[in-house]
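Chemist: Chains as they are written, first to last, in the numbering used here: chain A, 1 to 611; chain B, 1001 to 1611; chain C, 2001 to 2339; chain D, 3001 to 3339.
Treat the hints with care, as some may be off.
Unchecked claim - The calculated BS3-like cross-link candidates involving lysine-lysine, where the alpha carbons are at most 25 Å apart (straight line), are:
hint: 1; chain 1: C; residue 1: Lys-2287; chain 2: A; residue 2: Lys-11
hint: 2; chain 1: D; residue 1: Lys-3265; chain 2: C; residue 2: Lys-2251
hint: 3; chain 1: D; residue 1: Lys-3044; chain 2: B; residue 2: Lys-1253
hint: 4; chain 1: B; residue 1: Lys-1190; chain 2: B; residue 2: Lys-1158
hint: 5; chain 1: D; residue 1: Lys-3133; chain 2: A; residue 2: Lys-158
hint: 6; chain 1: D; residue 1: Lys-3142; chain 2: C; residue 2: Lys-2319
hint: 7; chain 1: C; residue 1: Lys-2028; chain 2: C; residue 2: Lys-2044
hint: 8; chain 1: A; residue 1: Lys-435; chain 2: C; residue 2: Lys-2011
hint: 9; chain 1: A; residue 1: Lys-435; chain 2: C; residue 2: Lys-2044
hint: 10; chain 1: D; residue 1: Lys-3287; chain 2: D; residue 2: Lys-3251
hint: 11; chain 1: C; residue 1: Lys-2211; chain 2: C; residue 2: Lys-2233
hint: 12; chain 1: A; residue 1: Lys-257; chain 2: A; residue 2: Lys-190
hint: 13; chain 1: C; residue 1: Lys-2211; chain 2: B; residue 2: Lys-1193
hint: 14; chain 1: C; residue 1: Lys-2181; chain 2: C; residue 2: Lys-2287
hint: 15; chain 1: A; residue 1: Lys-484; chain 2: A; residue 2: Lys-550
hint: 16; chain 1: D; residue 1: Lys-3044; chain 2: B; residue 2: Lys-1435
hint: 17; chain 1: B; residue 1: Lys-1115; chain 2: C; residue 2: Lys-2028
hint: 18; chain 1: B; residue 1: Lys-1604; chain 2: B; residue 2: Lys-1011
hint: 19; chain 1: C; residue 1: Lys-2028; chain 2: C; residue 2: Lys-2265
hint: 20; chain 1: A; residue 1: Lys-158; chain 2: A; residue 2: Lys-277
hint: 21; chain 1: D; residue 1: Lys-3147; chain 2: A; residue 2: Lys-257
hint: 22; chain 1: B; residue 1: Lys-1277; chain 2: B; residue 2: Lys-1193
hint: 23; chain 1: C; residue 1: Lys-2233; chain 2: C; residue 2: Lys-2181
hint: 24; chain 1: B; residue 1: Lys-1011; chain 2: B; residue 2: Lys-1415
hint: 25; chain 1: D; residue 1: Lys-3251; chain 2: B; residue 2: Lys-1257
hint: 26; chain 1: B; residue 1: Lys-1011; chain 2: D; residue 2: Lys-3339
hint: 27; chain 1: A; residue 1: Lys-277; chain 2: D; residue 2: Lys-3133
hint: 28; chain 1: B; residue 1: Lys-1420; chain 2: D; residue 2: Lys-3339
hint: 29; chain 1: D; residue 1: Lys-3251; chain 2: C; residue 2: Lys-2233
hint: 30; chain 1: D; residue 1: Lys-3339; chain 2: B; residue 2: Lys-1431
hint: 31; chain 1: A; residue 1: Lys-193; chain 2: D; residue 2: Lys-3147
hint: 32; chain 1: C; residue 1: Lys-2319; chain 2: D; residue 2: Lys-3251
hint: 33; chain 1: A; residue 1: Lys-190; chain 2: D; residue 2: Lys-3147
hint: 34; chain 1: D; residue 1: Lys-3142; chain 2: D; residue 2: Lys-3211
Bear in mind the hints are in silico, worked out from the structure with no lab data behind them.
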Amino acid sequence: MSTAKTQELDKVVIKFAGDSGDGMQLTGSQFTDTSALLGNDLATFPDYPAEIRAPQGTTFGVSGFQVHIGNVEINTPGDIADVLIAMNAAALKVNLTAIRGGATIIVDIDNFKHKDLEKAHFDSDPLEDGTLDGYNVIEAPITTLTREVLKDSGLDGKSVLRCKNMFALGIVYWMFNRPLEYTEHFLDTKFIKNPDVANANKKVLVAGYHYAETIEVLASNFVIPPAQIERGVYRNIMGNQATAWGLLAASEKSGRKLFLGSYPITPATDILHELSKYKQFGAKIVQAEDEIAGICIAIGASFAGSLAVTTTSGPGLALKSEAIGLAIMAELPLVIVNVQRGGPSTGLPTKTEQADLIQAVYGRNGESPAIVMAASTPSDCFDFAFMAAKISVEHMTPVILLTDGYLGNGSEPWKIPNMKSLPDITPPILKEGVKDWEPYERDAERMARLWALPGTPGYEHRIGGLEKDFLTGDVSYVPENHEKMVRMREEKVQHVANFIPELEVYGKHEGDLLVVGWGGTYGSLRTAVSQMGTANIAHAHFNYIKPLPKNTLEVFGRYSKIVVCELNLGQFTKYLRGIFPEITFMQYNKIQGLPFTTDELTTKFKEIIAQ
Amino acid sequence: MSTAKTQELDKVVIKFAGDSGDGMQLTGSQFTDTSALLGNDLATFPDYPAEIRAPQGTTFGVSGFQVHIGNVEINTPGDIADVLIAMNAAALKVNLTAIRGGATIIVDIDNFKHKDLEKAHFDSDPLEDGTLDGYNVIEAPITTLTREVLKDSGLDGKSVLRCKNMFALGIVYWMFNRPLEYTEHFLDTKFIKNPDVANANKKVLVAGYHYAETIEVLASNFVIPPAQIERGVYRNIMGNQATAWGLLAASEKSGRKLFLGSYPITPATDILHELSKYKQFGAKIVQAEDEIAGICIAIGASFAGSLAVTTTSGPGLALKSEAIGLAIMAELPLVIVNVQRGGPSTGLPTKTEQADLIQAVYGRNGESPAIVMAASTPSDCFDFAFMAAKISVEHMTPVILLTDGYLGNGSEPWKIPNMKSLPDITPPILKEGVKDWEPYERDAERMARLWALPGTPGYEHRIGGLEKDFLTGDVSYVPENHEKMVRMREEKVQHVANFIPELEVYGKHEGDLLVVGWGGTYGSLRTAVSQMGTANIAHAHFNYIKPLPKNTLEVFGRYSKIVVCELNLGQFTKYLRGIFPEITFMQYNKIQGLPFTTDELTTKFKEIIAQ
Amino acid sequence: MENQAQVYSHKDFESDQENRWCPGCGDKAVLNALHRALPLLDHKKEDYVFISGIGCSSRFPYYMNTYGFHTIHGRAAAISTGTKLANPKLSVWEVTGDGDALAIGGNHFIQTLRRNVDINILLFNNEIYGLTKGQFSPTSEKGTVTKSSPHGTIDRPFYPGELAIGCRATFFARVVDVLPKKMTDVFVQADSHRGASLVEILQNCVIFNDKVFANITDKEVRDDAMLWVEHGKPMLFGTDLKKGLILNGLKLEIAEIGKNGITEKDILVHDAHCDDNTLHNMLASLKRPEFPVVFGVIRDVVEPTFDHGVLSQIEEVTKASTINSMDELLVSGETWEIK
Amino acid sequence: MENQAQVYSHKDFESDQENRWCPGCGDKAVLNALHRALPLLDHKKEDYVFISGIGCSSRFPYYMNTYGFHTIHGRAAAISTGTKLANPKLSVWEVTGDGDALAIGGNHFIQTLRRNVDINILLFNNEIYGLTKGQFSPTSEKGTVTKSSPHGTIDRPFYPGELAIGCRATFFARVVDVLPKKMTDVFVQADSHRGASLVEILQNCVIFNDKVFANITDKEVRDDAMLWVEHGKPMLFGTDLKKGLILNGLKLEIAEIGKNGITEKDILVHDAHCDDNTLHNMLASLKRPEFPVVFGVIRDVVEPTFDHGVLSQIEEVTKASTINSMDELLVSGETWEIK
Ligand SMILES: Cc1ncc(C[n+]2csc(CCOP(=O)(O)OP(=O)(O)O)c2C)c(N)n1
Ligand SMILES: Cc1ncc(C[n+]2csc(CCOP(=O)(O)OP(=O)(O)O)c2C)c(N)n1
Ligand code: SF4
Ligand code: SF4
Ligand SMILES: [Mg+2]
Ligand SMILES: [Mg+2]
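With the rest of the complex left out, here is chain A:
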């Protein structure tokens, strides 16, 4: 048994990396779940290759899973890893720039043969040529040992190799003092029909654990005590799943059946997958022939009274532009979820970016205002999907909800809400028997017209995409009516500001620098601002883009400098300048398909404050 001592840590970032077929996603999730059960706060990010299953051992076939755990508040999956598990040479190659100096690197030495190095485009052996100087490298013969453990298992060679991720997991469990029970239980359930496989995996897991305990290379192991987390029942949730569930919750609350018209596209497809599982809620899911059909089928369903939703990513949003205009003109509710990815065009489909904001706000012909919102963490995708649905049906106009690949695929522990605790949703459905109703009549507060559902006697009426008379909804070419309607539609959207929360800041109430962000950069910005120590700084994060919270200008006024940080060339900055010409906005942008790192942010903030 090793004589290693146990150290206490605040937080740690661990990256599991291997071939697409090596089961790194599963390995990472198991570590995450176990840590969550121990009460750590955490955030994760999987990092799939663009290819489905590239040839073994190549760099473009590397699949990774990063998890950040702590006994402090964790807002991001972490910039760079403290521990890297590299199942082969390619996994090391790809992750070399994403690990901290002095990090611990566990490599499966069996996959660093000459041909492995070649496939990974290493000119010489990184384990020997000094590349890893300064790191704490643990060379474990994981493949050999796994084979050894299972030599009498009766499993075929391929199945044996599939267990080697458990060996790695075992090592890491020992390093961080985690119990094995959770994973053992998981394996029993997963392979309930195949107990041999379950047992083999468990055996290898334990072997890995013991291996780590035994060998002397690991100087110490670590404990990360539970975080101070609000009491309650928790689960892990991925962003796309949270979006799906938020929509389902809104359906239940509003009494309107969910209707999804969608077309698969990375990284939004998982919302479609997730919703497809819950037909028992009466949800109707149509995988349409394309994005245009997806939104149009949803619009048809909205006309008939459903909570209509369409989900997509950038290029799909572009295709939906025309139809969004129709929903705006017809004043029908519709939730459009756009999970942003790298652009333009097909761009970097598996990478994250925030460059669809301006398309969401402006990308349609004519004056066609849509409500635009953005979620900021994997779990609050639930809240904002719920709110998008609520606002859309209550205000009878489309809402575009922006998330991104980083949020959609990321996961974090989530305190499970109670349906009773969620706000009511009251769609303005026209009850039978009302006299003197006009199709485009609207209430003063929300300016929403009433929803007169086909099938209700007495309300037969026609809507459409031509300009409508302010009251009757008949086609109208009257110039003054057009101006009135154009302004009304804009105002109706602006009115939503009366129904959303005010902007809150984190940090100093007033001061030198306000860091402004929106959407998926929440975690990075919050972490960076919190690390700015005594600086006179605050962070304001926007979830409501159009309209903006009512107190936005007032908040901006309290700081001498404002920097807007975005993963694009400055789209929110331009948008804000258009609305608040009196305010000076600096900008900080990154457009590499990657999130901000804490370091680059704090460096920038300090630079600005010092200026």
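For chain A, the structure is supplied; the task is to place chains B, C and D with the ligands on it using the hints.
Modeler: Same frame as chain A, but now just chains B, C and D with the ligands:
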């Protein structure tokens, strides 16, 4: 013979209005052409009903043609008419708000019977109930007299009625002292196969002329002397025709065959019609199955080396968004002409508006910069279509050219250019035999990559919509390369500023107020500013939207106030604020499907100056 | 669909909107035929929904005193699909033109037929784009001269019936604007078919494509040019119905009763309900002048509909499901408690 | 198209890009078959253009050392049309998947066949969306369980051959990834056909739809499950080619040579070149297990191509035209001079 005296006038606005079948467009064009031959400056605007051919006598079936002629510079078809020819009650009804107090109104009294008034939704007879008090109303029995003139012509009843527009034209020719020859010659040519019809029309024309000369109601007739017009050969040209010709000219100059992929949509279709006539120039025209196919077919043609063009209007531009992104990423030339109409959605398809600017600039996923330009008069559609093509092929990236329904359908005299006088166009085609060329290699000046055409030996290469390596054009997921490419594409567009003219102002070099406009409002703004007398005012009109002319900021800095006037809710204003946060922009907007009137503009300008 | 107490007259379905089609436009005849068909059907007035794209024909919903949606160009099929799925008790009628359905809307058209969504599709085929003032459409015969094809078109046309059968459509019928009574009959049959019912309506555009169907509809040629099929009846046409179709190998031929010993018994009997669509396809593709054009219900077969499939899957899943409320879903699977 | 001096080997067409398809993916076999087909054709290397949409299969152009364009999802047909029209001497190959061509690209697919643009269309049909990790596609059989259809699909599928014939396609062939030599043969025939040549390739996706064609391609069933047609040859299949197709009325049936007095002469002889597409349609729609699936060139007829039509119209107009330069056009019609 009448004893009427002849008065000299500076300018006059005449509106011909009648049923769709009454031939008002032809009547108006004849008057226009005759006036042009006399040397007047002029501008016209036809005003078609949305319906193809609505039931006779209804208000929504009224077709109008307005012409503004003068011996001074004429920049707009005129706000309101000095003379109205109303062929029936509905034509009067529709135009009542568009005539000057004291205007002359010539009505065909034969179409003011009870049923005509009813169809026109007049509650009582406007000729008797005081509605026309203050106007100079001439009640002519045009239908009866036409019938009378042709009673022995042998023509059937329907054909006889088709001549009555010539009676009206005859009256107006007398009023303005125009010769009949031009129209007589036109009729002979038009009805060359049908001399009876030609003669009948000519007879009625003369009869109308004589009628006007004879009756006493016309107190005087008028002379509008020739304007001071630059010497040269002129023709009338409509905006959409000018666009088509500008593209043809660019094709000839560049040596690249024109290729149009388009789908019909009002008010852009006439460009497709016009280009379809000139296959002898080698122009290939595909009427595609939809807008997406239209642009994609054009992109395919651009890849193969054509001068590729697609034409559309707002909703069609929305559909093209995704494919525009592809052309940006692939760095292929492409001209996208968008003839704006009233929106959002189907909106007001036959009305004019400037509300697609922001869609043109921002309406795509990801950071996808396109060059955006706008024409400002019917005839300069030629110049800007030419320049759009030149810039697109020379800089290897898409150009969006904005015109609008008002420009597209409007016409004006145009001094015919000589092909030699137009600038050269030199597409960066990669010549055979170059060694060491890379597909995404670019020249320093324009940052354009070279156009290596399929069919050229040795340059086999692959392009596409995934992010490209900066040099090789291979697919690249490298984060830094993405940032470099995103910034490069933006910069490449900004670089075009080095190749376009600087912004010029009309009026005071510096002063109290700069009136800023773009695109089709040129005429109204120029006219209004020129009528501001001694005010310290100037007009700056933008044809280049993205990038802006290099001296824009400097020009803005010379005026204490700036007002941006647009036919939308302020899209250019928002755009300018995003770029020049240091400048304060006021805005003046109208969104009624109609152009600005001089009155409303000058009132606004005075108000601003007085503030 | 559901039994109704009320009896409607055609007036109940006429809206108060002024009709804006050109005088003489074939669309008006279709409108009248439909006003007269609806009272013969078994739906409540409030359950009718007319959904159109953009085009002259797509103004149709404005003239129907029912629920209506004049949407965007080409998308009526998709929007109709959504409306029908969301509320399957509605009687959904898609109104579309040859451009709307077969140019920009081509994809939704074929997918809707493929899915067999239970809607009625009225395809107004005037072989031209009317609303945009006369360009050729995907059904314009090759060589058609229009504003956008001054030298004649180069495109080969679509034949809607053939295309539909290529999608395994379950119902295809053809009618013509000049025979309103027959239109009404066919509309009634379209309604009673469960699944996507495609009715191609040959419709004259007096302004931009006048007389394009004159070689079929002119009084002098009509008898020889039109063959009206009816399920279970021999396929006869011509003055006094003395001509008929017979099969020779894989080809249809015209036989004259009384000549060469042909009697009515030799004439093919129409079977609209047979699964195999070979003969339906042959009938749909007959063209002038060699053959008469076939009208009436050419194909009408029963297959599961998409909307029914969606509903029954929901039922099955619901029966089998252990998670039946959001609160249950939220706590399902792995959770842990922080105390 | 044009005569070439040079002789190419398959290596000339292999690009230097690392292949990123999954190990075992059927796409690789197609790539190899094509690398081997091109040297048999009559084009210069620089005249080949491969244009694809988005999908696993659409990565194809990267692996061809020719001109290539990896475009956007569903639009490869339109982009190919543009490239071919712009420069008709190019040999344009559209590479597309069942989702790319028949879901989002459905409209361009049918319009391209309708117009008969002279391109070759390689339709990789794996009955699944590969690139987006496994959702059903428009060709997935009803009931297919995928990530987006956990309870099985409700959609009826498209059958590409039938849909193509509904567009009056002039060339339709079917091949399968496991028989590379046959693929190469068919690619050569597709190239020599003037007009849109549609080749449906049954392609196995080992990851998301493995063995979907096993009931056709498994060694044990293959002989009975595949019928390879060849123009002018009897349609025989089975071990020792002892079975064949015969016609009974309007239905195809299987006959066994030697049984019931059937000899090879009774077996239908394939006529790929006959204008009438009735039999081609019947062949294209044969399905397992009742029938073998038909492979090879099912239809191959000559009709004017769109690209040729565009060119010859330009020629005609040019001949007839009096205005032949921009300067002439500018001063044509009504003009006046201000002196
Ligand atoms: C997105 C879009 N593209 C184009 C148009 C222009 N447009 C309106 S109707 C139409 C074609 C109409 O033809 P068809 O469907 O045959 O109807 P018809 O008028 O002949 O009844 C076109 C091209 C449009 N309104 N929207
Ligand atoms: C506009 C747009 N919508 C959706 C997608 C996502 N997407 C990419 S490929 C694909 C389907 C691929 O299926 P298929 O064409 O059958 O190709 P395969 O991968 O099976 O070869 C989808 C839905 C996209 N890239 N762009
Ligand atoms: S243009 Fe043709 S289709 Fe349209 S309303 Fe007139 S006649 Fe009817
Ligand atoms: S996912 Fe399927 S189709 Fe795609 S590369 Fe892998 S095996 Fe081939
Ligand atoms: Mg039509
Ligand atoms: Mg596929």
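Chemist: Against each hint, give a clear statement of whether it holds in the structure.
Modeler: Hint check results:
1. A distance of roughly 78 Å separates the Cα atoms of Lys-2287(C) and Lys-11(A); the hinted pair therefore is violated under the 25 Å criterion.
2. A C-alpha spacing of about 22 Å is found between Lys-3265(D) and Lys-2251(C), which places the hinted pair at or below 25 Å, so the restraint holds.
3. Only pairs whose Cα atoms come within 25 Å are accepted, and Lys-3044(D) paired with Lys-1253(B) is rejected, the gap being roughly 30 Å.
4. For the hint pairing Lys-1190(B) with Lys-1158(B), the CA-to-CA distance comes to about 18 Å; that is within 25 Å, so the pair holds.
5. For the hint pairing Lys-3133(D) with Lys-158(A), the CA-to-CA distance comes to about 23 Å; that is within 25 Å, so the pair holds.
6. Pair hint Lys-3142(D) plus Lys-2319(C) holds up; C-alpha atoms about 22 Å apart against a cutoff of 25 Å.
7. Only pairs whose Cα atoms come within 25 Å are accepted, and Lys-2028(C) paired with Lys-2044(C) is accepted, the gap being roughly 24 Å.
8. Taken as a hint, the Lys-435(A) and Lys-2011(C) pair is honoured in the structure, with Cα atoms around 21 Å apart against an allowance of 25 Å.
9. For the hint linking Lys-435(A) to Lys-2044(C), the alpha-carbon distance of about 20 Å falls within 25 Å, and the restraint holds.
10. For the proposed pair Lys-3287(D) and Lys-3251(D), the alpha carbon gap of about 13 Å is at most 25 Å, so the pair holds.
11. Using a Cα cut-off of 25 Å, the hinted pair Lys-2211(C) and Lys-2233(C) is violated, with the two alpha carbons roughly 31 Å apart.
12. Restraint check for Lys-257(A) and Lys-190(A): not satisfied, since their Cα atoms lie roughly 33 Å apart, outside the 25 Å limit.
13. Distance check on the hinted pair: Lys-2211(C) and Lys-1193(B) sit about 23 Å apart at the alpha-carbon level, within 25 Å; holds.
14. Distance check on the hinted pair: Lys-2181(C) and Lys-2287(C) sit about 23 Å apart at the alpha-carbon level, within 25 Å; holds.
15. Between Lys-484(A) and Lys-550(A) the CA atoms are separated by roughly 24 Å; this keeps the pair inside 25 Å, and the hint holds.
16. Between Lys-3044(D) and Lys-1435(B) the CA atoms are separated by roughly 20 Å; this keeps the pair inside 25 Å, and the hint holds.
17. In summary, the hint linking Lys-1115(B) to Lys-2028(C) is supported, as the alpha carbons are separated by about 23 Å, within the 25 Å threshold.
18. Restraint check: the Cα-Cα separation between Lys-1604(B) and Lys-1011(B) comes to about 24 Å, which is no more than 25 Å; the hinted pair holds.
19. Distance restraint check for Lys-2028(C) and Lys-2265(C): the Cα-Cα separation of roughly 40 Å exceeds the 25 Å cut-off, and the hinted pair is therefore not satisfied.
20. For the hint pairing Lys-158(A) with Lys-277(A), the CA-to-CA distance comes to about 31 Å; that exceeds 25 Å, so the pair is violated.
21. A threshold of 25 Å between alpha carbons decides the hint, and for Lys-3147(D) with Lys-257(A) the separation of about 22 Å falls inside it, so the pair holds.
22. For the hint linking Lys-1277(B) to Lys-1193(B), the alpha-carbon distance of about 23 Å falls within 25 Å, and the restraint holds.
23. Only pairs whose Cα atoms come within 25 Å are accepted, and Lys-2233(C) paired with Lys-2181(C) is accepted, the gap being roughly 19 Å.
24. The straight-line distance between the Cα atoms of Lys-1011(B) and Lys-1415(B) is roughly 20 Å, inside the 25 Å bound, and the hint therefore holds.
25. Distance restraint check for Lys-3251(D) and Lys-1257(B): the Cα-Cα separation of roughly 52 Å exceeds the 25 Å cut-off, and the hinted pair is therefore not satisfied.
26. For the suggested pair Lys-1011(B) and Lys-3339(D), the alpha carbons sit about 21 Å apart, so the restraint of at most 25 Å is met.
27. Restraint check for Lys-277(A) and Lys-3133(D): satisfied, since their Cα atoms lie roughly 17 Å apart, inside the 25 Å limit.
28. Annotation: proposed proximity of Lys-1420(B) to Lys-3339(D) holds, straight-line Cα distance about 21 Å (limit 25 Å).
29. Between Lys-3251(D) and Lys-2233(C) the CA atoms are separated by roughly 21 Å; this keeps the pair inside 25 Å, and the hint holds.
30. Taken as a hint, the Lys-3339(D) and Lys-1431(B) pair is broken in the structure, with Cα atoms around 46 Å apart against an allowance of 25 Å.
31. At roughly 21 Å between alpha-carbon atoms, Lys-193(A) and Lys-3147(D) fall within 25 Å of each other, so this suggested pair holds.
32. Distance restraint check for Lys-2319(C) and Lys-3251(D): the Cα-Cα separation of roughly 42 Å exceeds the 25 Å cut-off, and the hinted pair is therefore not satisfied.
33. Only pairs whose Cα atoms come within 25 Å are accepted, and Lys-190(A) paired with Lys-3147(D) is accepted, the gap being roughly 18 Å.
34. Of the pairs offered as hints, the one joining Lys-3142(D) and Lys-3211(D) holds, with about 16 Å between alpha carbons and a cut-off of 25 Å not exceeded.
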